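Q: So the chains spell out like this:
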Amino acid sequence: MVFGPRGGGYDHAITVFSPDGSLYQVSYAAEAVKKGSTALGVKCKDGIVLAVDKSLPSNLVESESFEKIFQIDDHMATASSGIIADARVLVDRARVQAQVHKLTYDEEISVMALTKSIGDLKQMHTQYGGLRPFGVSLIVAGVDSEGAQIFVTEPSGAFLEWKATAIGSGKPQAMDLFEREYEPTKSMEETILLSLNVLRKSMDSEMTSSNIEVVVITTEGGQFNRLTPEEVESFIKQLPEDDEEEGEEGEEEEE
Amino acid sequence: MVFGPRGGGYDHAITVFSPDGSLYQVSYAAEAVKKGSTALGVKCKDGIVLAVDKSLPSNLVESESFEKIFQIDDHMATASSGIIADARVLVDRARVQAQVHKLTYDEEISVMALTKSIGDLKQMHTQYGGLRPFGVSLIVAGVDSEGAQIFVTEPSGAFLEWKATAIGSGKPQAMDLFEREYEPTKSMEETILLSLNVLRKSMDSEMTSSNIEVVVITTEGGQFNRLTPEEVESFIKQLPEDDEEEGEEGEEEEE
Amino acid sequence: MVFGPRGGGYDHAITVFSPDGSLYQVSYAAEAVKKGSTALGVKCKDGIVLAVDKSLPSNLVESESFEKIFQIDDHMATASSGIIADARVLVDRARVQAQVHKLTYDEEISVMALTKSIGDLKQMHTQYGGLRPFGVSLIVAGVDSEGAQIFVTEPSGAFLEWKATAIGSGKPQAMDLFEREYEPTKSMEETILLSLNVLRKSMDSEMTSSNIEVVVITTEGGQFNRLTPEEVESFIKQLPEDDEEEGEEGEEEEE
Amino acid sequence: MVFGPRGGGYDHAITVFSPDGSLYQVSYAAEAVKKGSTALGVKCKDGIVLAVDKSLPSNLVESESFEKIFQIDDHMATASSGIIADARVLVDRARVQAQVHKLTYDEEISVMALTKSIGDLKQMHTQYGGLRPFGVSLIVAGVDSEGAQIFVTEPSGAFLEWKATAIGSGKPQAMDLFEREYEPTKSMEETILLSLNVLRKSMDSEMTSSNIEVVVITTEGGQFNRLTPEEVESFIKQLPEDDEEEGEEGEEEEE
Amino acid sequence: MVFGPRGGGYDHAITVFSPDGSLYQVSYAAEAVKKGSTALGVKCKDGIVLAVDKSLPSNLVESESFEKIFQIDDHMATASSGIIADARVLVDRARVQAQVHKLTYDEEISVMALTKSIGDLKQMHTQYGGLRPFGVSLIVAGVDSEGAQIFVTEPSGAFLEWKATAIGSGKPQAMDLFEREYEPTKSMEETILLSLNVLRKSMDSEMTSSNIEVVVITTEGGQFNRLTPEEVESFIKQLPEDDEEEGEEGEEEEE
Amino acid sequence: MVFGPRGGGYDHAITVFSPDGSLYQVSYAAEAVKKGSTALGVKCKDGIVLAVDKSLPSNLVESESFEKIFQIDDHMATASSGIIADARVLVDRARVQAQVHKLTYDEEISVMALTKSIGDLKQMHTQYGGLRPFGVSLIVAGVDSEGAQIFVTEPSGAFLEWKATAIGSGKPQAMDLFEREYEPTKSMEETILLSLNVLRKSMDSEMTSSNIEVVVITTEGGQFNRLTPEEVESFIKQLPEDDEEEGEEGEEEEE
Amino acid sequence: MVFGPRGGGYDHAITVFSPDGSLYQVSYAAEAVKKGSTALGVKCKDGIVLAVDKSLPSNLVESESFEKIFQIDDHMATASSGIIADARVLVDRARVQAQVHKLTYDEEISVMALTKSIGDLKQMHTQYGGLRPFGVSLIVAGVDSEGAQIFVTEPSGAFLEWKATAIGSGKPQAMDLFEREYEPTKSMEETILLSLNVLRKSMDSEMTSSNIEVVVITTEGGQFNRLTPEEVESFIKQLPEDDEEEGEEGEEEEE
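Protein sequences appear in the order of chains A, B, C, D, E, F and G.
Residue numbers for the first sequence follow this note's numbering, so the first one is 714 and each next one is one higher.
Residue numbers for the second sequence follow this note's numbering, so the first one is 714 and each next one is one higher.
Residue numbers for the third sequence follow this note's numbering, so the first one is 714 and each next one is one higher.
Residue numbers for the fourth sequence follow this note's numbering, so the first one is 714 and each next one is one higher.
Residue numbers for the fifth sequence follow this note's numbering, so the first one is 714 and each next one is one higher.
Residue numbers for the sixth sequence follow this note's numbering, so the first one is 714 and each next one is one higher.
Residue numbers for the seventh sequence follow this note's numbering, so the first one is 714 and each next one is one higher.
Source of the hints: derived by calculation from the structure; they are not laboratory data.
Do not rely on the hints blindly, as some may be mistaken.
With a straight-line cut-off of 27 Å between C-alpha atoms, the simulated BS3-like cross-links for lysine-lysine are [said to hold, decoys possible]:
{"hint": "1", "chain 1": "B", "residue 1": "Lys767", "chain 2": "C", "residue 2": "Lys747"}
{"hint": "2", "chain 1": "E", "residue 1": "Lys815", "chain 2": "A", "residue 2": "Lys829"}
{"hint": "3", "chain 1": "C", "residue 1": "Lys829", "chain 2": "B", "residue 2": "Lys829"}
{"hint": "4", "chain 1": "C", "residue 1": "Lys767", "chain 2": "D", "residue 2": "Lys876"}
{"hint": "5", "chain 1": "D", "residue 1": "Lys747", "chain 2": "C", "residue 2": "Lys748"}
{"hint": "6", "chain 1": "F", "residue 1": "Lys781", "chain 2": "G", "residue 2": "Lys829"}
{"hint": "7", "chain 1": "F", "residue 1": "Lys829", "chain 2": "D", "residue 2": "Lys767"}
{"hint": "8", "chain 1": "B", "residue 1": "Lys829", "chain 2": "A", "residue 2": "Lys747"}
{"hint": "9", "chain 1": "G", "residue 1": "Lys747", "chain 2": "F", "residue 2": "Lys748"}
Which stretches of chain A does chain E cover? Using the computed rule of at least three CB atoms under 8 Å from a CB of chain E, they are [what the hints assert, rightly or not]:
{"hint": "10", "segment": "734 to 742"}
{"hint": "11", "segment": "869 to 879"}
{"hint": "12", "segment": "893 to 901"}
{"hint": "13", "segment": "932 to 940"}
Being a predicted model, the structure only gives us computed values, none of them experimental.
For glycine and all other residues, C-beta sits at the position ideal for the given N, C-alpha and C.
Kindly generate the complete structure, drawing on both the sequences and the hints.
A: Structure (structure tokens):
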């Protein structure tokens, strides 16, 4: 084969290192995530806020049935960015994992343990022949005996715990804003407003109650609640005017 | 290998990401769908209408025996566009899935669950070596305890729920018309007329009772009914004159 | 590898789509069929006529033992065009399939069901690595509770039911004639004459009782009968003079 | 890879069709047969004559032990041309097949059935990855309830029944002579003389009792008899003077 | 494929030697380690000190939850440099190995035996097709009946025991300093100070209690203790001024 | 890949035919044999003589322990030329085969049957993917109810029976001499002298009792006897002066 | 792929012969051995001496724990040169083999049998796809009922028995000296001195008790003894001045 300058051929076989020690296929899978829709996860005083951009290709799509925040268990949820069918496979495995853990040990799986099992499956897909990496990042959020926790697992299988985080195409702007405005002591309502404000900057079309999705998990009781379109609408109305032009900048930033 | 400019070699191995995070093989499979015959699925007040273009290569084909809308179960059906032999494999699996569900849980499988199992099989064919993606999109339509529902599963395994949708070569014109004329409160008869009108725009030859196929599923009772050639004929007669020239465009598209 | 302009490399690996959504290997297998000897299947008032060109490489071949129309069951037969050894494998599987069905359900397999099982095996050979498509088309003809039926399965696994059909190198001329002269109400004898007339146009050498093969299946009783050389001879004698030059045209037509 | 003009790369992978529908590997295996030593099979009034050129690389080879006509069963034998080690594998399988049939059904396997099982094994080697075709053609000759029969199986797995046939490098000249001089009513002795005369034309060195091998199978009783060197010698002496120069012509002919 | 001057194609398939006897893939995996964060392991009079640079991508990451020194067992720990997801896989296997050994033999696994099992897994990944080498080096440190021991396992599977060692991007400077200043008779406190001083030279940002991690294992009792941020802070305060410029040199050194 | 003129790429994959019907890998394996050390097998009135050149790379090798003629059974032996480790594998299999035969049938395996089983294993290595041919030829010699027999199996799996034969780098000269001087009625002693004289012509260094190996198998009783260094020495002394200069040629050949 | 002049592509696939009958991958693995550290094995009147250069990359390595001479059994040991992780795998297998033999037959495995099992494993890695050859040579030394024996197994799987031998980068000089100075009647002490003298010539740095390793096995009783650093030190002190410059020569010699 004759290839262009990039990768020099090392990037076609997933089980191959390049001379500088890189696994190109894993980086390319990360590109699929960078092109994905934006998803946010933020911790606050009372729990966790997850918010995603679920802009639809047509107004004929049944938006109610279309969810991009998946409930894993009573106390855990995940938001994805990247290849949606890949996300579904991972979410299914995570749900089974959570069920199996509950049946085997008679206690809920911890957020960390669930995240790790997702990461392990992803890593395996970067090391064995005949498989491609998963082209999706997942925000795994939940409440367990350690309190509220938010993790991000990358296509490589690596994961980190975050106070506030974003994945997808809007990540650079979102992280920029979070680093300046995030405060862990904010209330759930304040944090929802912060999240929607951040999410709005990364959206191509106007934010409405049908093209975003918001889920909160309360630390107290660990309850998963998907906000109704009406609730989302009322929060959108409270948002300040969007007169900032920051959204245009920061696009060269790399993950 | 020396390739042309397209894909740069990343598009030959299905388990490989390109530098921009694309899975070319999945996109190419989607092209097979874009060249397929047009199929429509539309929800209405009383149920669902499925209509497909089944133009035949010769008048010597037994058109009665040739179906492009497959019944999955009493309350579900699917219409396909793309590689017909691939569609058959998926339809067979779907029928088995529906049967197994009924025997195991003593209740009918939900439309969503069936769609998901099709999507999962498709996703698997994009991630494992030694397999190619399915070159077909399916409209999965049915009635269950959630009411009437219409899903489209793509070669990637992704799926969305729709109010009214189209797949195949006539999709762009069809969606254009649906977005302008679709109303969920129309009756079954009105919706059949809308569907035939839309389908007619995407057909190369004159619409007759033998080169289209129409199936309706009623919300009440969830009954699957394939319209007889006589019923189809009578609806065709009620169509307005086709004086628009939109149908003439896009004729370079191939099945 | 460096390839010529055709296919651009997408045509070497059977499980790979080209950018325009084609599966080249399947198309190339279809080319093997286009180069095969001509075979016809025609329905008539009383049943089905199958006729094939079995021109032999030498007069030293024992033509009696050489059959190109295979009996599957009492009521079913198949004629092939393409790679003969591939056809034999499919015929063997079909026979086993028919036997298994009879033993399991205590009734004869339907023509459609048998055709479908052949089509499924062919489709599988286009989707899984380590296999090549079958380079053969089969006319599957038979009589069951639905009456007389004729199907053609292609290398892709797709199949259609026909009133009258042809496969192999003589297909373009044959279909042309059938479309003009076929009438479903003709008697068995008239249909045999039509078939031989059509077949004669596609043959390189003069038609004799030893270089063609004719099988009829009667709707009444579903009996398979291979015509004796004497019977074939008498039909050939009844054919009109072959003064038409149509055979030379139509060769650019594609399937 | 960069290849010469031939095959354009389609000829390296056995499970791949070329754009014109050819399977090059199968054709190339047939070339191995065309380079093989000549072998003949001829039917006559009383049975079958098999004759092969077994010219040896040195006079130090024990010619008595070196056989190129293999006995399969009491009533069947096979002569090969092409890769000798491939032939042995097929002959072994044929012997086992014949044994198994006898034990299972308490009757001898028919010549046709045995030929078919060899053809099926050969076909399988042209369709599945990780295998190469058998580079050998076999003349399968025998006597069963259908009388004396001679088949030739090719590397593709295809087979035909013959009155008189030849394989190997001398095939073009041999077939030419057979087509002119073969008569089914000749006696065994006349047919042996015809066969040796034909075989002599294709040999590089002078024909002697140690560089050819002759086997006859009598229809009456189906007895396999390998001629002794003395018997062969006496037939050679009866041959006419070899003054014809035909052997030089006809070499461009293809199988 | 056309490659640049490096490796000349030998570096694409992991199971292939180059003409000079190298396994390039293993070297490239070692490159992944050289780009990793720095990790140190040092023996002292009273036990072992492990220290790592765990600089985080953002201040929103929950640094407490992010560990790069993993506890294997009561008496053993490991620090990694390279692909973090690969490290996790190896650590998991090591933990299982330690558990299994305890259950089977009712005694703790020795540090050497555990190291060897990690090395064997790594070696296997360099010799079998369909796997890539692990892109990570591990410092395995622990106390058993042989006393305190520190091993380093490389991507090749090779391992060595060290008095003081470093892996990752800061290895050249660190080894340089260790070779000059290491003394086995230093106390635990002195050794922590030496380690932090060495680690500081290899860090891009200022060393704080949240971007490094320190673990000590005492020979007496073999206790694993992770230093609290406060303890780390107090050690950092005791470090001398960092006015040396050596950190800039020695970068050409190879492992 | 871009290759030189030879083979045009057909010689890289063992299961692939070249356009002229060759299996290059098998030919190349035969080259490994042509570079091997010379081995001879000669039949005489009283039995068989095997003689091999076992020149050693250094006088520090324990020549007594180094055998190149392997005993298979009481009455059979084999001498090899080519890749020595390949020979060992085949010899091991042959020994097991002989043992199994004795246990199963309570009689010794015939020389022909043993040779055939070696040939079959070799053939299999030329037809299945993922294997390379054996790079070794074996002289299989033994005495059974058919008397003394000598076979040569080639890398292709083909084998022939010989009166006198040679393999390895000295084969051309040896066969030349054998063809001129071999007489089957010679005594064992005369035949040993002939063999040593032939072997000497193909050796680079002077023939001594430690750089050749001689085995005889007597027809009467089928006894395997390895000549002692003293016996070899006494035969060497009886050899005529080696005043021919043929031995000097062919020195570029490598083992 | 486009390759440089060397090997012409035949050196990339281990199961492929080059046109001259070479297996390049095996030769390249042998290169890995030629770059390895030097190891010696010498027989003497009283037993066997093994000596290896174990120069370490840093003085921080725990040299006591680092062994390059592995004990297999009470009476056997092995020294390696080449890829150390490969050696470990082979040593482990050898130990298991020795254990299994003892348990099965209630006697110790012979040195030859153990060597053969290592050679067989190595050969298998040169013939089957998906594996690479072992890049290591092993000196296998031991005492059994046949007395003291020293074997060398190469990456190809071939092995020879030696009186005195060397592997690794210092082999040419070492063999040169051994051929001149080796005497089988020397005592153990004299042989240790000879070995150290030989080893010293091939070392880059000064020989000390911590950068070499010496093991002796006594014929009487077959005892394995690893010399203590003090014992090694005392032998080094007895060595003559190293004023020869021969070590610089002979480097072009090939194995």
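Q: Hint by hint, say whether it matches the structure.
A: Outcome of the hint check:
1. B/Lys767 with C/Lys747: Given that 27 Å is the threshold and the Cα spacing comes to 25 Å, the pair holds.
2. E/Lys815 with A/Lys829: Distance ~24 Å between E/Lys815 and A/Lys829 Cα, so the pair holds.
3. C/Lys829 with B/Lys829: holds, 25 Å
4. C/Lys767 with D/Lys876: Distance of about 17 Å is within 27 Å: holds.
5. D/Lys747 with C/Lys748: This hinted pair holds, its Cα atoms lying about 23 Å apart.
6. F/Lys781 with G/Lys829: holds, 15 Å
7. F/Lys829 with D/Lys767: The given pair, whose Cα atoms are some 19 Å apart, holds under the 27 Å limit.
8. B/Lys829 with A/Lys747: With Cα atoms ~25 Å apart, B/Lys829 and A/Lys747 stay inside 27 Å; holds.
9. G/Lys747 with F/Lys748: holds, 23 Å
10. 734 to 742: Answer holds; 3 residues pass the 8 Å Cβ test.
11. 869 to 879: holds (count 9)
12. 893 to 901: With 1 residues close enough to chain E, the hint is violated.
13. 932 to 940: violated (count 0)
Checked against the numbered hints above, the structure breaks hints 12, 13 and satisfies the rest.
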